[in-house]
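Let chain A serve as the given structure and place chain B on it in line with the hints.
Sequence lines, in order, name chains A and B.
Under this note's numbering, the residue at position 64 of the first sequence is numbered 64, and the numbers go up by one with no gaps.
To get this note's numbering, take the position in the second sequence, counting from 1, and add 112.
Don't read these hints as lab results, they were simulated from the structure.
Where hints are given, some of them may not hold.
[What the hints assert, rightly or not] Ranges of calculated distance between the beta carbons of each label pair, as one might list FRET restraints:
# : chain 1 : residue 1 : chain 2 : residue 2 : range
1 : A       : G61       : B       : F119      : 27 to 37 Å
2 : B       : E209      : A       : A53       : 24 to 34 Å
3 : B       : G128      : A       : L13       : 43 to 53 Å
Ideal Cβ positions, reconstructed from N, Cα and C, are used throughout, including at glycine.
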Amino acid sequence: GNSVTQMEGPVTLSEEAFLTINCTYTATGYPSLFWYVQYPGEGLQLLLKATKADDKGSNKGFEATYRKETTSFHLEKGSVQVSDSAVYFCALSDWNAGKSTFGDGTTLTVKP
Amino acid sequence: EAGVTQFPSHSVIEKGQTVTLRCDPISGHDNLYWYRRVMGKEIKFLLHFVKESKQDESGMPNNRFLAERTGGTYSTLKVQPAELEDSGVYFCASSQEQGRFYNEQFFGPGTRLTVL
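This is chain A alone, in the form it adopts within the complex:
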């Protein structure tokens, strides 16, 4: 079956530091890949997505590239802000199956 493995957290960074959260996946077929974010006290929000190999998703300064050869979708941001503190989830969705498979989530804390 499908599975997603995320870098273990929590992650604590200083403001303006570089962020990488690793994500690798196992899936049959050609899944779509997602990063979701959950800010404190809020629900899940889609941060970015990529639907095929070599696609790069980007939003709010975050980026992730769909790497089929390494089955990875690592999240990066060049300069984090305090407001980026949240829980980040990597996920995949097989269009045929419909449901999404999530990683464990990585808690990011950015300190001023």
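Below, chain B without anything else, positioned relative to chain A:
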């Protein structure tokens, strides 16, 4: 356009009691999903409705959980009787008719269930 809404936002009950969670999907979305996050672990799939029919309920943990989707609109998830291990955050998501390439799901804020 209103997003996915869930009610209640928090529920605290005692072991053995019954709790019913409600999800209102985005209007016009045929697909409705329930997920659960327990103890800071991954968000796990519970089940998937297409309109009023259960498309996939492979993630339902046991027969204490009953999900319905009346008339293909809102959905309820009932836990009866609740056990301690049912504590967690229950998320609902909806999406339009499954597309050819990907299935973007819109999530609700979740219901935090605590069983004492």
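Structure-based check of each hint:
| no. | hint | result |
| --- | --- | --- |
| 1 | A/G61 - B/F119: 27 to 37 Å | holds (34 Å) |
| 2 | B/E209 - A/A53: 24 to 34 Å | holds (25 Å) |
| 3 | B/G128 - A/L13: 43 to 53 Å | holds (44 Å) |
Hint compliance for this structure: no hint is broken.
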